[in-house]
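Peer 1: Please arrange chain R on chain H, whose structure you already have, making use of the hints.
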Amino acid sequence: MSVQQQVSLAESQERLAALKRLSRRLGVSNGIAIAVLWLITILVAALFIFIIIRLLVEGAPTLVKASFYGTSQAGIAPELFNTFYILILTEIFLFPIALAAAIFLVEYSRQGRFITVIHFAAETLAGVPSLVLGMFGFLVFAVYAHMGTSRLAGALTLLCLNFPLALRLFEEALSTVPRMLREGGLALGATRWHMIRTVVLPFALPGLTTSLILTAGKIIGEAAALLFTMGLFNPSNVFTLNPLIASDTLTTRLYYIKGVGAGTLGLTTSQESALAAGIAAVLIILLLVINLAARGVGRAIQRRVTAA
Amino acid sequence: MQTTRRAHLSDQVVRVVFSICAILLVAVIISVIVFIGSKAFLVFGQGATFKGFFLGTFWDPTGAQDPTGNGNPTYGAGGLILGSVITTVIAIIIVAPLAIGTAVFFTESAPRWFVRIMQPLIEIFTGIPSVVVGFLGLLVVVPLLRTLASPLTGNLPTGGFGWGAAIVVLVIMVLPTTMSISIDALRAVPGSVREASLALGSTRWQMMSKAVLPAASAGLGTAVVLGFTRAIGETLAVALVLEGNQIPKNIFTIQVFFQPNVNITALIASDFGETSGASQNAYWTLAFVLLVITFIFVCISRYLASRSVYK
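Protein chains in written order, with our numbering: chain H, 758 to 1065; chain R, 21 to 331.
Keep in mind that the hints were calculated from the coordinates and are not lab data. Honestly, I wouldn't trust all of these hints.
To be verified - Facing chain H, according to a computed beta carbon distance under 10 Å, are these residues of chain R, among others:
hint, residue
1, 125
2, 260
3, 304
What the hints assert, rightly or not - Covered by chain R, according to a simulated footprint, are these stretches of chain H (three or more residues, beta-carbon under 8 Å):
hint, region
4, 782-789
5, 942-955
6, 1009-1021
All values derive from a computational prediction rather than experimental measurement. Glycine included, C-beta positions come from ideal geometry on N, C-alpha and C.
In isolation and in its complexed conformation, chain R is listed as follows:
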């Protein structure tokens, strides 16, 4: 009798402890939002305006680069936000067809030996450290772009750094993740959909494009959105190949892709640790902007996932 009671008691204790662990996860995300949110709006109380922050293009929260020499800080994050958005959007435009094309081929018509080679390769690459990809960018991408773009930019020692290299690096970082989620989405489509299409006399390509892709569209959308979320938060890979402090003046020319430039994450990584107090508050606002963007994209991906027929 006593052992039964003790067993039940321990069962109850374990249940409570385990539920606390699960609730801890909710506590973490809420405190991330609360703590970063609590710091996010301080900068607007110390001279920055809403409009100036999001549309200004001169980023100098410490006042060290103040042209008048008075050390007045300037909070213009427009260029940083533009950098993050442009590199991410172009990278995703390149990644989406590549990832979906490979995933379709992979699930629908690749020979089995090929799948057996590629599967571990994709798994390895989803976990590749971003700093290693950044180093690869310095090693291969930057010199390559410097040579390719030299007719445009002239022979600058800093040529090749910038948005162009950042886009290439982001593609390498995001492609494996997007690919493996796309593969999962396509594998979730039941075989009967394919058989029905083939039985009606369609070719393999018709089966893929008219039956399987539409059936998996919501899942593929989730894959692309999650790729976007990863790309916008990607830090070290991008930070190593950007090398800039300010957004260049010639923003509407093609050269802008091949000279040192900025985005949100690279500047936080290089400067946040060296600032304190009032000038640090501006970086908290940037972090909050990133947090809000990723939160919106997580909500979109969740909405898409809830609409998908096959899970």
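The shape of chain H in the complex, shown without the other chains:
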């Protein structure tokens, strides 16, 4: 064996050892990194689960009391009624307008400057804090349009607030419809509107329903936009369909009890806390139900439509 060969053998062994060290080091740092990521993720998941359970446990003693669902100071019957009233009133405005806008963007207009402008407007509006939008609603609907602090002003403010979200969700739902179906409809001589009614909308129904339910979740949880537009108090005849009376919702009631109105309700501090905990638990339950419904309903409709 020549000297040269011996040297190169030693060199290659050294290189092999170095490579082994490198790969071990990489393996260790890979292990550490994955472990850290596991840890962070589990911490976050535990935090989420803890929050839900803590709120439900805190509210549970209040939830089982019958007086909690009554009309007294410590009851939430008016707020429940108002929350669903304002939800339906807002959806009556929001659903057709946002769906129409989405249909126009997806089906009628071509890609171009117009769509860019509308999408930019939507993103900007989505970025406006709900509190600022609430002040806008107060100025425009309550003051300038003479609606006063009323359910109608609140619903119109919520329309402005949720328009961008609803538009984006509806656009996504509509764009899942395959192009071939549209072209088939048009090729049979249908006008665009006829084709949309008979082909696109039935096909997109599951997605549209899911989107509708998701916007409902947003509306139920919103409070800051309603502070100045719908007020924090109920008139005595709260159980009417009159859209021009002021009223509170579950969220604004919770804010009032624990925030500006603490100590003014004629309840003891512990009663106030119990009431607030109950409302928080109700809101969490509504949120869970809405999320489950959004998943379940979309799937159920899909099954029926595709089976038919």
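Peer 2: Here is chain R on its own, set in the frame of chain H:
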């Protein structure tokens, strides 16, 4: 012949009506800017100066707290703006690594059963009402911080309220949103990028940090910026745990995080409804400041999104 014409006519009508609905969105955002902008500068015509408004630290637009007793209003929003900026920035510094770390783990190496549990959890939390998070802050965060900070602040009944609690609450509010946008950004990176990196012999962590994260950097930036936009406008969660009227004097100490304090949104929420006329104008200026800040951040996020390679 007549039915065809009628069908075409209805098609045209529908088209016009639908386009009006789309334009309505543009009209809303323009009128938000115009109406709030029209009110925003009135305060400078009634005694407030530009410098005094943004640098002053005594906020008393009604004149009720005037130390001389004459009821002269003082418009010093510096403390409020500082409160919003500090709480938001610190919250985002905490949220960004948490959200991106979880999102990377989620898309790159989490087992499927784990994803199936976490996905609905994140979706539920992106929609959690902010007032509920504020209540949770009162229930859990404030007492906890009061105990933790008692060696620093002494045993005050108001201890625990303030910027510290606001930061924790903001983290809870913003984390899910930032996380789900980050996950979308990472999922948009095509599998071929990962395969190329793995085929060159890199470990999973190298693949994530050297290939996937840089490829998704613009999308992740958008996620953080949108988180920022949400945090600065967050109102009720923060309002419930701040409880202050004025910014404290000891602003350069660590105690300042654990005593009642202020930010823009909390003061608007608690005081705007009770003011009118001249003193209300100051709150419109604050709203306009928020509007401008969020508009700038939306523009940044749009710029970042336009730079991202994978959408």
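Peer 1: In terms of beta carbon proximity below 8 Å, does the region 1009-1021 of chain H have 3 or more residues touching chain R?
Peer 2: holds (count 6)
Peer 1: Tell me if the interface restraint on residue 260 of chain R is satisfied: Cβ within less than 10 Å of some Cβ in chain H.
Peer 2: With a closest approach of 6 Å, the residue 260 of chain R hint holds.
Peer 1: At least three residues with a C-beta closer than 8 Å to a C-beta of chain R: is that true for the region 942-955 of chain H?
Peer 2: Three-residue rule met by the region 942-955 of chain H, so holds; n is 4.
Peer 1: Holds or violated: is the Cβ of residue 304 of chain R closer than 10 Å to a Cβ in chain H?
Peer 2: 7 Å, holds
Peer 1: Go check the region 782-789 of chain H versus chain R for me, would you? Three or more residues, Cβ under 8 Å, otherwise it fails.
Peer 2: With 4 residues close enough to chain R, the hint holds.
Peer 1: Just to be careful: measuring from the Cβ of residue 125 of chain R to every Cβ in chain H, is the smallest value less than 10 Å?
Peer 2: 4 Å, holds
Of the numbered hints listed earlier, not one is contradicted by the structure.
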